[in-house]
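Novice: Given next are the chains, with one letter for each unit.
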Amino acid sequence: MTTLPKAAGQKADKQWETEKRERIVKRIARELRDGYYVNLGIGMPTMIASHVPPGMEVVLQSENGMLGVGPYPLEGEEDPDLINAGKETVSELAGTSFFSSADSFAMIRGGHINLSILGAMEVDEEGNLANWMIPGKMVKGMGGAMDLVASARRVIVAMEHTTREGQPKILKKCSLPITGLKVVDTIATEMAWIRVSPEGLVLEEIAPDVTVEEVQRATQAHLIVSGALTQMRS
Amino acid sequence: MNKLVATADEAVSDIPSGSTVMLGGFGLCGIPENLIDALVRRGIGGLHTISNNMGVDGFGMGRMLEAGMIASHIGSYVGENKLLEEKVIRGELNLTLVPQGTLAERIRAGGAGIPGFYSPAGVGTLVAEGKETHEFDGRLYLLERGLTADFALIKAWRGDTAGNLVYRKTARNFNPMMATAARVTIAEVEELVEPGVIDPDHVITPGIYVQRILQGARYEKRIERRMVRSA
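Line by line, the protein sequences are chains A and B. Position 215 of the first sequence, counting from 1, maps to 215 under the working numbering, and the rest follow consecutively. All you need for the working numbering is the position in the second sequence, starting with 1, plus 1000.
Hints are computed from structural coordinates only; laboratory data are not their basis. Hints should not be assumed to be uniformly reliable.
[As the list claims (entries may be wrong)] Taking lysine to any residue pairs in the SDA-like style, the calculated list, with each CA pair at most 20 Å apart, reads:
no. : chain 1 : residue 1 : chain 2 : residue 2
1   : A       : Lys-173   : B       : Val-1123
2   : B       : Lys-1003  : B       : Leu-1192
3   : A       : Lys-140   : B       : Gly-1091
4   : A       : Lys-172   : A       : Ser-197
5   : A       : Lys-137   : B       : Ile-1089
6   : B       : Lys-1169  : A       : Pro-54
7   : A       : Lys-182   : A       : Gly-110
8   : B       : Lys-1169  : A       : Asp-81
9   : B       : Lys-1169  : A       : Pro-80
10  : A       : Lys-20    : A       : Gly-35
11  : B       : Lys-1082  : A       : Val-139
12  : A       : Lys-140   : B       : Arg-1063
13  : B       : Lys-1169  : B       : Arg-1158
14  : A       : Lys-172   : A       : Glu-213
15  : B       : Lys-1169  : A       : Val-59
16  : B       : Lys-1169  : A       : Gly-76
17  : A       : Lys-20    : A       : Thr-230
18  : B       : Lys-1221  : B       : Leu-1192
19  : B       : Lys-1087  : A       : Val-139
20  : B       : Lys-1131  : A       : Ser-50
21  : B       : Lys-1221  : B       : Val-1166
22  : A       : Lys-172   : A       : Ala-221
23  : B       : Lys-1169  : A       : Pro-73
24  : B       : Lys-1221  : A       : Pro-80
25  : A       : Lys-182   : B       : Val-1123
26  : B       : Lys-1087  : B       : Gly-1068
27  : B       : Lys-1221  : A       : Pro-177
28  : B       : Lys-1221  : B       : Arg-1158
29  : A       : Lys-137   : B       : Asp-1057
30  : B       : Lys-1169  : A       : Gly-95
31  : A       : Lys-140   : B       : Glu-1066
32  : A       : Lys-20    : A       : Ala-218
33  : B       : Lys-1169  : B       : Val-1203
34  : A       : Lys-140   : B       : Ala-1071
35  : B       : Lys-1221  : A       : Ser-91
36  : A       : Lys-140   : B       : Lys-1169
As the structure is a prediction and not an experimental result, all values here were calculated from the model.
Construct the complete structure from the given sequences, taking the supplied hints into account.
Specialist: This is the structure we're talking about:
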């Protein structure tokens, strides 16, 4: 086995990190449909905004009170009164609207959001999701995540398949306090596209560079291999 | 009816220690900067605050936290504030985390005379502990209580001396509901106008909810995450 010089190794790691995210983001973008109202979580899900297929109109909702979230502003056009839920400066589009937080969550709770995409620390085979708290360590809060997962018509989790230490994040049962009970519809990782079904987790697509056995080894929960298993396309 | 007060210090001069105070804003967007600074200058303590966030270290409500003014807080996300996290882990501050939509609706309900309502957010989670549940059409919901406060400190873009308010872009957030839910609502605005200037069709918060209004002396309007794209 050859060892790369440390710097080169780090560079390769960084490149792989980017590639993993791109792969997940592009796969999820294929679920978008014309006319969808979509809420993107903070971090990796935000990247989906730049992968909306050409000719398709998708309206992005930001839970701090905005429909029709535009791209980051041009330098010099940043407006402190115009931010997304990640507190990043954004821009308006033709057709953008603003409303209060109560109105924003009325549209979420009322089931008007077609798709909610968010990150997770853990997901389990019942579709439970944990992403808001590590007892005794991290006190940040759930923000709008509990409301979104409880009421969006479809919830897709975008996350890396394992932790940085290589431990599974897709578990038989979440060990961290959960954000929502039986709320996840699909899990997208760099290794696989997994649907949550009443029978358990169904492996529907796998990435071109892994085998079913490798995916299962990186997953604590049992995976039911779909009869129609295909290669994950991004 | 003239609700104008001259300064932020005058506007908060009767807020006693131990009050329950709602503060508008999402992150640092749409926060009552001048009123927060006036409260810090007043040097009261034991406050029970209700606000989606807690500012950042050194700015906004972060200053109230650093001044040791806050005994308890209800909010949905406090991840930008290391000091708060430390205080909570040490048991020095009683923090109640509430799902953001539930928080918004609890404040709206409080202002609308609704003592409780059912929400699906948080069913089966820590948030559900100790709460009554009810099943409607095969689905479980949590009974959530309306929230009210002694004072609400809010920020609008434009307001008139009758207390009618207009907000700007995403700086609206929690401000309109908080205006309705406090015994005394104090609004600071960037632009104060005479009644009649604001088109009645454009009023978001009608003056009945606002007891005091002032023109903010200065606005930093700090940006938390400045992001730009290349042309």
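Novice: Next step is simple, just say for each hint if it's right about the structure.
Specialist: These are the hints, each one checked on the structure:
1. The straight-line distance between the Cα atoms of A:Lys-173 and B:Val-1123 is roughly 17 Å, inside the 20 Å bound, and the hint therefore holds.
2. For the hint pairing B:Lys-1003 with B:Leu-1192, the CA-to-CA distance comes to about 11 Å; that is within 20 Å, so the pair holds.
3. At roughly 15 Å between alpha-carbon atoms, A:Lys-140 and B:Gly-1091 fall within 20 Å of each other, so this suggested pair holds.
4. Distance hint between A:Lys-172 and A:Ser-197 is fulfilled; the C-alpha atoms sit about 14 Å from each other, no more than 20 Å.
5. Between A:Lys-137 and B:Ile-1089, the direct Cα distance comes to roughly 8 Å. Compliance with the 20 Å bound is thereby established for this hinted pair.
6. About 28 Å separates the Cα atoms of B:Lys-1169 and A:Pro-54, which puts this hinted pair outside 20 Å; it is violated.
7. Among the hinted pairs, A:Lys-182 with A:Gly-110 is consistent with the structure: their alpha-carbon atoms are about 18 Å apart, no more than 20 Å.
8. The straight-line distance between the Cα atoms of B:Lys-1169 and A:Asp-81 is roughly 6 Å, inside the 20 Å bound, and the hint therefore holds.
9. Distance restraint check for B:Lys-1169 and A:Pro-80: the Cα-Cα separation of roughly 10 Å lies within the 20 Å cut-off, and the hinted pair is therefore satisfied.
10. Restraint check: the Cα-Cα separation between A:Lys-20 and A:Gly-35 comes to about 28 Å, which exceeds 20 Å; the hinted pair is violated.
11. Using a Cα cut-off of 20 Å, the hinted pair B:Lys-1082 and A:Val-139 holds, with the two alpha carbons roughly 9 Å apart.
12. About 18 Å separates the Cα atoms of A:Lys-140 and B:Arg-1063, which keeps this hinted pair within 20 Å; it holds.
13. Restraint check: the Cα-Cα separation between B:Lys-1169 and B:Arg-1158 comes to about 12 Å, which is no more than 20 Å; the hinted pair holds.
14. Between A:Lys-172 and A:Glu-213, the direct Cα distance comes to roughly 17 Å. Compliance with the 20 Å bound is thereby established for this hinted pair.
15. For a cut-off of 20 Å, the pair hint linking B:Lys-1169 to A:Val-59 stands: about 17 Å separates their Cα positions.
16. This hinted pair checks out: B:Lys-1169 and A:Gly-76 have alpha carbons roughly 18 Å apart, not beyond 20 Å.
17. Taking the CA atoms of A:Lys-20 and A:Thr-230, the gap is near 19 Å; set against the 20 Å cutoff, the hint holds.
18. This hinted pair checks out: B:Lys-1221 and B:Leu-1192 have alpha carbons roughly 18 Å apart, not beyond 20 Å.
19. Distance restraint check for B:Lys-1087 and A:Val-139: the Cα-Cα separation of roughly 10 Å lies within the 20 Å cut-off, and the hinted pair is therefore satisfied.
20. Note on B:Lys-1131 and A:Ser-50: the hinted pairing is violated, with a Cα-Cα distance of about 41 Å set against a maximum of 20 Å.
21. For the proposed pair B:Lys-1221 and B:Val-1166, the alpha carbon gap of about 17 Å is at most 20 Å, so the pair holds.
22. A hinted pair counts as satisfied when its Cα atoms are at most 20 Å apart, and A:Lys-172 with A:Ala-221 qualifies at roughly 4 Å.
23. Distance hint between B:Lys-1169 and A:Pro-73 is fulfilled; the C-alpha atoms sit about 14 Å from each other, no more than 20 Å.
24. Proximity of B:Lys-1221 to A:Pro-80 is assessed by CA-CA distance (about 6 Å); at most 20 Å being required, the pair is judged to hold.
25. With a CA separation close to 10 Å, the supplied pair A:Lys-182 and B:Val-1123 stays within the 20 Å bound.
26. Between B:Lys-1087 and B:Gly-1068, the direct Cα distance comes to roughly 10 Å. Compliance with the 20 Å bound is thereby established for this hinted pair.
27. This hinted pair does not check out: B:Lys-1221 and A:Pro-177 have alpha carbons roughly 35 Å apart, beyond 20 Å.
28. A distance of roughly 15 Å separates the Cα atoms of B:Lys-1221 and B:Arg-1158; the hinted pair therefore holds under the 20 Å criterion.
29. Note on A:Lys-137 and B:Asp-1057: the hinted pairing holds, with a Cα-Cα distance of about 19 Å set against a maximum of 20 Å.
30. With a CA separation close to 13 Å, the supplied pair B:Lys-1169 and A:Gly-95 stays within the 20 Å bound.
31. In summary, the hint linking A:Lys-140 to B:Glu-1066 is supported, as the alpha carbons are separated by about 18 Å, within the 20 Å threshold.
32. With a C-alpha separation of about 15 Å, the suggested pairing of A:Lys-20 with A:Ala-218 holds against the 20 Å cut-off.
33. A distance of roughly 14 Å separates the Cα atoms of B:Lys-1169 and B:Val-1203; the hinted pair therefore holds under the 20 Å criterion.
34. Restraint check for A:Lys-140 and B:Ala-1071: the C-alpha separation of about 18 Å stays at or below 20 Å, so the hint holds.
35. Restraint check for B:Lys-1221 and A:Ser-91: satisfied, since their Cα atoms lie roughly 17 Å apart, inside the 20 Å limit.
36. Restraint check: the Cα-Cα separation between A:Lys-140 and B:Lys-1169 comes to about 26 Å, which exceeds 20 Å; the hinted pair is violated.
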